[in-house]
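Chemist: Listed here are the chains, written in short residue letters.
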Amino acid sequence: MKLDVTEAGAGVYPDSDSIPEPGVTGQKLMTHFDNLRFGTIALALTAAWMAGACGSDEKAGTDAASSSEGAPPTGDGTSGDNPTPLEGLFLPNGDAPSATLHRLTQSELTHSLQDLLGADVPMGELEPDVRVGGFSSIGASSVAVSPAGVGLHELQVLAATGHVVADEARVRAQLACVPENTADGECLTRLLAQFGRRAFRRPLTDAELQRFTGLATSIGGAEGSNVLTGVRYALAAILQSPSFVYRVELGEPSSADGGLLKYTDFEMASRLAAMFWDSVPDDELLDVAAAGSLATADDVRLQAERLIGDPKAQRSIAGFTRELFELSHLEEAQKDTTLFPTWRESLKEAMREELERRVLDMVFVRKEDFLSLYDDRQTFVNDDLANFYGLPAPGQPGFHPVEFAPESRRAGLLGAGAILAGHGLPQRNSPTARGKFVSEMVLCRSIPPPPNNVPPLPPQAGPEVTMRERLALHRQSAVCASCHSMMDPIGFGMEDFDSVGLHRTMEGTSPVDATGTLEGPGLDGSAFNGLAELGAALRRQPVLGPCLVSKVYAEALGRGALKLDSTSIGELAAGFVASQHRLDELLVTLVTSDSFRFVEPKG
Amino acid sequence: MLASGVAVAVPLPRLAGMLNGNGTAYAQGAPLPVRFGTWFFGNGIIPDRWVPSSTGQGDAWQLSEQLAPLADVKPWLSVVTGLGIKVPNYSPHASHPCAALTGAQTGGATQVRLPSIDQLIAPAIAGGTAYPTGIHAALSDQTGATTLGLAVSYRGPSAANPPTYNPVALYQALLGFTSSGTPAAVDPELSFRQSVLDAVAEDANALKRRLGAEDQVRLDHHLEGLNELQGRITRLAAPISTAPVPNPDELYPARGLDGSISRQRAQAFADLLVFAMAADLTRVFTFMFTCPASHGNYADCGLENSSFHEDYGHRLSRFGASDATRGFNTGVKYAMSNLADLLTRMKDVPDVTGTLLDNSCVYVTSCVSESQTHSGVDFPLLIAGKAGGRLKSDQHVRLLDENVSKVPFTLLTALGGGAEAFGEAEGRVTSGIAELLA
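Just so you know, the protein sequences line up as chains A and B, in that order.
In terms of our numbering, the first sequence is residues 1 to 603.
In terms of our numbering, the second sequence is residues 1 to 438.
Worth double-checking, as some hints may not be accurate.
With a Cα cut of at most 27 Å, we get these calculated BS3-like pairs of lysine-lysine [what the hints assert, rightly or not]:
hint, chain 1, residue 1, chain 2, residue 2
1, B, Lys86, B, Lys392
2, B, Lys74, B, Lys392
3, B, Lys74, B, Lys333
4, A, Lys262, B, Lys208
5, B, Lys86, A, Lys602
6, A, Lys348, A, Lys312
Don't read these hints as lab results, they were simulated from the structure.
Computed from a prediction, not measured in an experiment: that's the story for all the values here.
Full structure from sequences and hints, please.
Modeler: Quick look at the structure:
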């Protein structure tokens, strides 16, 4: 793809960053980048948002210059070549991506060390993730490790391996055998071969095994040292090797599959373990791979069903939930406690857990329509959160199920404190930030960054001017309106909840107006008042399911969904409908699909 | 809040007797070290209150209102004004800082398109230091509206040098290079760690052969990190005798949480960076005071607990625009006070010859000029230090409409980068600013 970024027109961007955009944690990218959700084709992205107004980047993906005239928003995906289940879903153009190394995310690294060395391994500071399009797995396809990150990783690995060898009971529990001394070559070889197979997600080569056993015997035999010290450093070498730090899934030529590369059985084991457990495979999965039994879609389904039935699958779904619903925004949210005296930092953790529990309960316990989360009223609270929400406190430790009353204004997943407080400023609401979140993560709208030289908002102050009125002024500028119309009218429907997520009836001296609309191409124009009606309106949008499917797809493949994925995503979306929107079934179907099992060769 | 100029633990400088007769190089001929740092603050300035009223050198120019906190180091400053960002502003707070740091447009999902200036200069000056690619620290971990990301140092696309927010971690790392005087037995584990790294590098090289070009670059970055760690462990095996490493918990117990904006936290980092440079453990640093368009709050200087970017940068304070403008001005001056704390420490530490600040070059910039409009005109650019006599100082140079890239290009060539150009496309320049060179 040839792109000349200098040809794109500046100044066609709709509006301003007078808009709050809470960012993301870790090695965070600008939030406006987050809607540009395909890490491996950054240049295409650059051209896409350089190319012009909201929603017009579909064309820009391949030809920045040709669409740089700043066409009015078209919303996207309505050009006709998407199959029907994808109505309203924007998928940008882009070349078929080939396989790249996947740097373990913080979550994958943490869980891998826990699964390899014990749940109680000490965990310290890790190299931050880079999120692209909201997902660290997409960033993981392109990021390098920094020199500081190499140092942090060494510290972490030495701490974890030191913890294990400090206690023979732990060695016995985690490793294949306990070597007597450095002459115990049989045990050392067995131990390192087994550990190495899980860590590298494939059997060690002879050269590797010799390298690591050599380290164990030479270090274990040094003056004043012992065999367990040797084992510790051999394990540390395995865990510092790029074959552990990166998932190496490159595929192999497969003559039967039209020139595509097919992931090997061990690579599939690696992919499945990452997908369902955020971790390394277990021995059973590797044995299945060794037996050549991950080669067909049916083979994969069998293991996928086993993996998703394991409690470890909850952490992967919880991780997806945190990224899809932008919980990093909550994590770094600042609140002014002089204006919101009941706010406490500890509520962030409770709100995170509440949101995760709602999702996990739906996926693993209720096993019902995932999209019903958007307008249901069942949640989980502990005493602190119950008190904050004004519900009766459970009166016992931990989280307990509760249901908001039908007359409560708090309804649906968007009414969770994590969403409302996460997308609010320290002292006031931001309908734009809330609307942007819904627009991008729930409805898959693509919103470009604000333009150059935004005129300042007319100065105003005082409790008599509502945020709605201020933003109305902002939208008087056409250049501002084209993007703000995709965000503000959604956020307005959440205005009866304040910046920390508490219900309110007044904004300053004005009664709150919580009416909003779902407007724009691909949306039905529904008007709504408050969260309950917003949730119901969202469920009527045809794009809701396909959007979720495309997010799951992007996260699983470690790259943004593209137009060339339309057929695959369309099939998955149709299956999602047929399953009554069961997320667990979507995940299993996804990993059995060709998109997950094959990859384009290097161009 | 502590005043600036707190006592700094001074590592023993290398002896002047080690120098040649002119005091311009070591007796063996190795050049004296120069240091380079980038000091970055988000959200820009108010140009009318930033740009000094007159140009010239020495008494001919005076600090502006927003630069006034730098009075103690005025003799070491070059204020460059009038320059503009030439890279199109496709993404406010990302295009501009990328241009000022890399000379190129933002890389979007890969953050940058080219390496940042500190990483171009590092290979020319790093020598055999323990941190050849620098120490990278930051005050605020709050993201911002449309920011570049939480880093200002990049080895290339998708290869950030993420900063540390934890001064205690940096303190502990530096502690390992020092001894209290009595030579301790060398820790045998250091050689074990080195053997491990040898094995890891072998593994990495074996893997590299199987990869495509882009992944090979990623693995090269990884190998460079492994190599750097090897070198660091070698340094750890021969600890040097110094004054105590400045301990943040003793000196600044009330500095606040990691990631928060407080002058005491910045001072803790300033002490440690100065120590690391004076002890020649690194010659390169970056310090991100706040990220581009930071939402961090400036409560430490008396502003509201609200988003500095929103309520002050964009003047959306609940108390109205004029209050917001006052607060924004306070915030810029506060940032410059934090910068002054670092530069003053550098001025007060003796180096092989002169002071650390004499032998350093600190490049100071931001993500916008005028914050409300995301302007790239009259961009904030400061240079502090004389780079071992290679740079002029105590001057205000005003060059209307010149390319911002000329400043980093000038520094790159002055510090031995030997480059013919800096940046690409509209950001590319092939000439520097003669007025800055001694």
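Chemist: Run every hint past the structure and note whether it holds.
Modeler: Hint by hint, here is what the structure shows:
1. Of the pairs offered as hints, the one joining lysine 86(B) and lysine 392(B) holds, with about 25 Å between alpha carbons and a cut-off of 27 Å not exceeded.
2. Our distance criterion of 27 Å between C-alpha atoms is met by lysine 74(B) and lysine 392(B), whose separation comes to about 12 Å.
3. Distance check on the hinted pair: lysine 74(B) and lysine 333(B) sit about 15 Å apart at the alpha-carbon level, within 27 Å; holds.
4. The hinted pair formed by lysine 262(A) and lysine 208(B) meets the criterion: a straight-line CA distance of about 20 Å does not exceed 27 Å.
5. Restraint check for lysine 86(B) and lysine 602(A): the C-alpha separation of about 36 Å exceeds 27 Å, so the hint is violated.
6. This hinted pair checks out: lysine 348(A) and lysine 312(A) have alpha carbons roughly 24 Å apart, not beyond 27 Å.
Checked against the numbered hints listed earlier, the structure breaks hint 5 alone; every other hint is satisfied.
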